[in-house]
Amino acid sequence: GENVEQHPSTLSVQEGDSAVIKCTYSDSASNYFPWYKQELGKGPQLIIDIRSNVGEKKDQRIAVTLNKTAKHFSLHITETQPEDSAVYFCAAPNYGGSQGNLIFGKGTKLSVKP
Amino acid sequence: DTEVTQTPKHLVMGMTNKKSLKCEQHMGHRAMYWYKQKAKKPPELMFVYSYEKLSINESVPSRFSPECPNSSLLNLHLHALQPEDSALYLCASSPGGSSRVLHSAQYFGPGTRLTVL
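Those sequence lines, one after another, are chains A and B. With our numbering, the residue at position 78 of the first sequence is 78, and numbering never jumps. With our numbering, the residue at position 75 of the second sequence is 75, and numbering never jumps.
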């Protein structure tokens with residue numbers, strides 16, 4: 001089955017700086033990679049996703065890049081703001097076990113200091 | 001509208017109680033999911049319903065019993081839970097069922113914070 005590793009586990013940046021979170025996956029057949037933001041006391045919110053037929057996708061201050069050869073994908077947040085503080089999860093589909101399910105990374109707690 | 005609603009927001013129950021968690025979506029999604037999330041951990045899949053039929057049960061104890069009355073509703077019936085079952089229970093939905101070719105986004109509800117005494 002799929003295995004997803006996420007780094008770093010915690011990230012602290014100054015407001016206005018950029019933040020980068022990286023994930024690696026194991027199944028070369030994986031073709032869909034979402035990123036979720038979870039604020040305290042709330043459910044995960046889908047913020048951006050990418051499919052394997054593109055290498056990069058942007059949505060305002062956030063972007064995701066995908067390197068299929070190296071089997072890793074990254075979340076980039078530019079011009080960070082205090083409201084970006086949250087836990088971020090990457091995920092990839094699990095085809096080997098529960099087909100169609102998502103396997104999540106362990107999460108990155110991002111703190112943006114004003 | 002990408003909203004999944006869950007009720008109640010908080011639930012406290014004793015080990016002998018029977019309670020139910022409810023989830024609803026009106027996006028026309030055909031797959032619905034229950035996840036369990038412990039503090040500082042990622043969500044863990046419990047059940048998947050695809051086209052109103054249970055397609056995945058991740059070896060969940062029988063004290064958790066899912067039900068999908070129709071394509072918009074998903075319930076999780078709880079009975080004889082243990083204190084270690086205390087967690088945030090998340091419901092999610094996605095447009096399609098399992099698809100190797102084109103995986104679809106999952107949208108999560110706000111969760112039910114469950115405490116078992």
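Among the clues, some could well be false.
Distance condition first, Cα-Cα at most 25 angstroms in a straight line; then the derived DMTMM-like pairs of lysine to aspartate or glutamate [claimed, not checked]: (1) A:Lys37 / B:Glu3; (2) A:Lys57 / B:Glu3; (3) A:Lys58 / A:Glu79; (4) B:Lys40 / A:Glu56.
No wet-lab data here; the hints were simulated from the structure.
(message) If you test the structure against every hint from before, which numbers come out violated?
(response) Result: hint 4 breaks, nothing else.
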